[in-house]
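S.K.: Residues per chain, in single letters:
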Amino acid sequence: MGDQRQHGFDDATLERFLDGALPAAQERAVTAALERDAELRQQVDDMLAMRALLKQDLDQAGADVDWRAFANQVVARCESTAPLPWGVRLRSWLGEVFTYRKPVWVSSLVVAAAATAVLLIPRLIDQPPDPRLADNSPDAAVEVGSLETSSTMAMVYQLPSSRTTVIWIAEPGDSEEPDSP
Amino acid sequence: MTHAVRIVRWLVPVLLVALPAVGLAQEPPPPAAASGAAEAYGLDIRIISAQPTPGGIDPTLQRYAADLKAMPYKSFKLLDEQSKEIKKNETVSMQFPGPGKRFLSVTATGFKGDKLGLDLAIDALNFKTTVRIPSNGTLIVGGPRHDKGVILLAITARNLGNTPAR
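In order, the protein sequences belong to chains A and B.
The numbers in the first sequence follow this note's numbering, run straight up by one, and end at 208.
The numbers in the second sequence follow this note's numbering, run straight up by one, and end at 388.
Since the hints were made in silico from the structure, they are not lab data.
Note that beta-carbon positions come from the ideal geometry of N, C-alpha and C, so glycine has one too.
Hints may be right or wrong, so weigh each one.
Unchecked claim - Okay, the calculated bits of chain B under chain A, using three or more residues with CB under 8 Å as the criterion:
# : segment
1 : 285-293
2 : 341-349
3 : 361-368
Construct the entire structure; sequences and hints are all you get.
M.R.: Printed below as a string of structure tokens:
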């Protein structure tokens with residue numbers, strides 16, 4: 028290092044020493060060197076003097092500025108700016124959400140799709156066919172449990188559609204009876 | 223970023239996951255018969271005059287056309303009809319033509335399996351029967367005399383809301 032002196036500490040190390048930012052072991056080494064090395068002490072004193080000068084100049088510069096006017100100007104500028112339209116704000120928000128929350132959205136969608144599949148597919152597979160949907164199934168027919176009539180003739184038969192059953196009763200005195208299909 | 227905004231930004235994806243899952247987890251409501259809830263049936267009762275004279279099938283009876291063609295009559299005319307929603311133990315009566323006052327009474331007796339139980343009676347003919355009709359199934363009671371032909375009483379039952387419509 029170009030600025031490294033005989034004592035072995037460069038300017039950056041000494042700056043960090045003055046800032047109190049050195050590791051404990053290194054800080055102890057610098058302190059021990061300061062006690063025995065007059066050149067090092069002089070260098071550190073010069074650095075402290077330079078810092079004091081800089082601070083004095085900065086304080087002076089800060090004091091010359093009217094910060095109240097600066098703050099007022101910032102506030103006035105903010106207040107004069109019209110709020111962004113809702114569309115722009117929404118796009119901005121969505122863009123931010125999808126950019127920075129992308130993993131959350133992706134994982135949410137994956138979990139939702141998986142949950143949908145897990146819950147829905149077995150239900151679709153296990154869904155029993157409705158026996159009534161088949162016209163020729165026994166369940167599609169009308170069942171006649173009991174039949175009482177004073178008729179001389181009664182007949183129960185099923186029509187070709189299988190969903191229609193006929194109970195035919197002949198009134199007393201009927202001479203002609205219908206033909207069963 | 224305020225806490226509220228953070229919560230909202232995390233809540234949206236969570237809801238996206240939770241809502242479909244909760245929706246799908248909902249079991250379909252059990253049929254009214256199984257749950258014991260009030261059973262409601264749709265009953266269509268049609269009084270049809272079947273005559274041996276040519277005349278064809280009344281256009282309003284087209285849904286029965288295939289069945290009516292299988293009967294030994296040549297004209298079929300709708301005389302009266304009634305469509306009604308009835309509940310268990312409720313009775314519907316309809317008068318039909320013939321000597322004296324003739325009534326068909328239909329009483330819903332509830333689900334028996336996946337069929338609707340009905341008690342039918344025509345007192346004037348000392349006729350009683352107990353039947354079980356699948357949803358959209360039809361029972362035709364035929365035979366009472368009318369003019370030169372007969373009366374057909376077509377009873378179609380529908381399970382309202384519990385059976386897929388066909």
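S.K.: Counting residues of the segment 341-349 of chain B with a beta carbon closer than 8 Å to any beta carbon of chain A, are there 3 or more?
M.R.: n = 3 at 8 Å, threshold three: holds.
S.K.: With a Cβ-Cβ cutoff of 8 Å, does the segment 361-368 of chain B contain at least three residues near chain A?
M.R.: holds (count 7)
S.K.: Count the residues of the segment 285-293 of chain B with a beta-carbon closer than 8 Å to any beta-carbon of chain A: does the count reach three?
M.R.: It holds, with 5 qualifying residues against the three required.
In the structure shown, no violation is registered for any of the earlier numbered hints.
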